[in-house]
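Peer 1: The residues making up each chain are set out below.
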Amino acid sequence: MPRISRRDFLKLYAALAASAAFAGAPRFLSSARTEQSGKPNVLMFVFDAMSARHLSLYGYDRKTTPNLEKFAERAAVYHNHYSTANFTSPGTASLLTGMHPWTHRAFNFRGMLDRALVDRNLFKLVGEEYTCFAFTQNLWADILLSQFDMDLNFHLPCDAYSHTDNSLFQPDDLSGDRTLAYYVFQDFLNLRTEETHPFPGSLFIGSAELSKALTSDREGVSAEYPRGLPTVYDFTYENASVFAGVDHFTQSVASQSSPYLGYFHFWSPHGPYNARREFVGMFDDDLKWHSKPRHSFAQGDFSQEELQQKHREYDECIAEVDAEFGRVISDLEKSGILQNSYVVVTSDHGELFERGEIGHASALMYESVTHVPLLISAPGQDARSDFHSPTSIEDILPTILQITGKEIPDWVEGRVLPGFGGTEDVSRALFPMVAKDNATFRPLEKGTFAMIKGPYELLFFTGYKNHEDRFELYNLQEDPDELQDLFSKDINTVSQMKDELLEAVDAANRNYQKK
Amino acid sequence: MMTQLLKRLPESQSVLQVYAVIAVMLSGWTITAFLRKLPSWLLTLNMGEIFALFSYSMVVNLLESLIVLLLILAVCSLLPSRFLRDDFAVRGTLLSVGVIGALMVPMRIFMQFGLESTGKLLAGFLAVLLLTALLFVFSSRIRFLHSAILWIADRLVVFLFILVPLFAFLFVYVIVRNIV
Chain A
1 MPRISRRDFL KLYAALAASA AFAGAPRFLS SARTEQSGKP NVLMFVFDAM SARHLSLYGY
61 DRKTTPNLEK FAERAAVYHN HYSTANFTSP GTASLLTGMH PWTHRAFNFR GMLDRALVDR
121 NLFKLVGEEY TCFAFTQNLW ADILLSQFDM DLNFHLPCDA YSHTDNSLFQ PDDLSGDRTL
181 AYYVFQDFLN LRTEETHPFP GSLFIGSAEL SKALTSDREG VSAEYPRGLP TVYDFTYENA
241 SVFAGVDHFT QSVASQSSPY LGYFHFWSPH GPYNARREFV GMFDDDLKWH SKPRHSFAQG
301 DFSQEELQQK HREYDECIAE VDAEFGRVIS DLEKSGILQN SYVVVTSDHG ELFERGEIGH
361 ASALMYESVT HVPLLISAPG QDARSDFHSP TSIEDILPTI LQITGKEIPD WVEGRVLPGF
421 GGTEDVSRAL FPMVAKDNAT FRPLEKGTFA MIKGPYELLF FTGYKNHEDR FELYNLQEDP
481 DELQDLFSKD INTVSQMKDE LLEAVDAANR NYQKK
Chain B
1 MMTQLLKRLP ESQSVLQVYA VIAVMLSGWT ITAFLRKLPS WLLTLNMGEI FALFSYSMVV
61 NLLESLIVLL LILAVCSLLP SRFLRDDFAV RGTLLSVGVI GALMVPMRIF MQFGLESTGK
121 LLAGFLAVLL LTALLFVFSS RIRFLHSAIL WIADRLVVFL FILVPLFAFL FVYVIVRNIV
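Heads up: the protein sequence lines correspond to chains A and B, in order. Quick note on my numbering: the first sequence kicks off at 1 and runs consecutively. Quick note on my numbering: the second sequence kicks off at 1 and runs consecutively.
Think of the hints as simulated: they come from the structure by calculation, not from any bench. Virtual Cβ for every residue (Gly too), placed ideally from N, Cα, C. Treat each hint with caution, since some may be false.
What the hints assert, rightly or not - Residues from chain B shown here face chain A by an in silico Cβ test under 8 Å; the list is partial: (1) A33; (2) F34; (3) L35; (4) I100; (5) F113.
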């Protein structure tokens, strides 16, 4: 008989409790929900670290996303959609609050929203008539969801559909203190072997982690997963199980309650890029590759071969996610859920394989790490529409409020997307940024601030130790690989964009200047 | 049965001395780590959150220290009394320093050299165990060593006047946070 671990028991218990809540605990569902309210349902699929640059949907040479392309045939497709940041906390916070990182202040690693702004979230704004449920495998995104716990009817644990779990605690183990649980057990008391100067707060928990790191090399390496199982810090998972779990959960909610808003934030295709066997090697091709010199602000120093290899592995992971997404959408269609649901597909940030760097959250804010996919399918939509004007991850919240018939508050910084009541604005300026080393409630002094306007992208690197402040300018239409820095050549554009960018940063800092 | 078990346990005063050593070592480690993280937390978390973090950490500390003490008492009750019980303040102290040191030293080596230093980690671990074993053997023979260990254990008891109320208060605080 297979052994049942403590965590398995807790998961089983949580699953039973969730089922029981739906079956016999109508206190979660107002009577309005169980009636035909005429309000549309909304399902959000967020794929962590999925760069639009790597999707065949947007013209990438490798056929990474046949299922997304099929889905796009009946959706609004946004071609110039950008995140506000290059890692999870600020990007996800913008997605769920409609505010820029310099407003919501969740721009640090493991960042939390400004505690005074916690009510400004999507789940609260759609109102109590909606049954809200959320699931993320990303612990940093889960910190944010924990801040919105009061507005969620169901907040599934990060490891709800995981394969194995090696950690002593997960945030949901402390249901009364979920926001801090990550900081305590995952960050402070635990040993983070990947950190430069780790210092576990608990000698015992840290030692257990150290012995695990010494004894396990590549966890879960098998014929099915030649590079090991996909991993999120402390737990491993299989995409097939996670997507099937989400599919099943959605179907159970849909059968009992309407309208609903579901938020699913998947870890894949985030590193460590461990794709399933059938996807490994599918892109062993001669993709045209632009070699870019190492950037002076890069933290990594990966060789061209390493960059190309990881680039390929990342593409394989996208293909796997795409296949799983295709399966879920097909299931939802068969069950009729798509007939009365909006489906939003996007990402919190992109990924980068260039100039010596792999991944995200570095000082490099090139397009690959900020340009993310966005597709929105309306109930019963059967034709594709394409939008090329710049749009931001902040726009998703006001758009959902628009389609659910809710009022859009004044403080929302995003705009309603074209196709859903908004208009195309080709001259709109977007300001992705990374400022992870700044104090949360002080002016931003160190970071990379980008500005995307028209065909141009201006990058401003400021406050980095041992580096002079620096600007770079690229024309993304003529030079999509960002190889020709126009900063010293296109003086007029530089001067206009520089002033606008610096003014935006100054305005954001004004509220945090010392009185 | 209970009486027999109690008979096999050492005197409460020496148990207190050994617990003081364990609690000071473990909480010293945690507080050092906490102070190292504090500057970055001050930039991102508010005071209430930082206090809650400290509370959870100290409660974990309390549980860890009790586990170590219970383990040593279990060993004490199983072994013949001349091995541990008869000189519990000294030998129990050595044993707890050995157990905690065997975790502390490899961890410090890892923090300095990273995962590549498996040999050093193992050497550090074995060195602590060897040193503990030697001290264990010689503690009863070298009078100065014996009284030095006793002196340290005795002096550390004073910290329990701070740690025990702190543990108790923070324990209640954590319970209340999770109930209310």
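Peer 1: Now tell me, hint by hint, if it's right for this structure.
Peer 2: Do the hints match the structure? See the list:
no., hint, in the structure
1, A33, "holds (4 Å)"
2, F34, "holds (6 Å)"
3, L35, "violated (10 Å)"
4, I100, "holds (7 Å)"
5, F113, "violated (12 Å)"
Checked against the numbered hints given earlier, the structure breaks hints 3 and 5 and satisfies all the rest.
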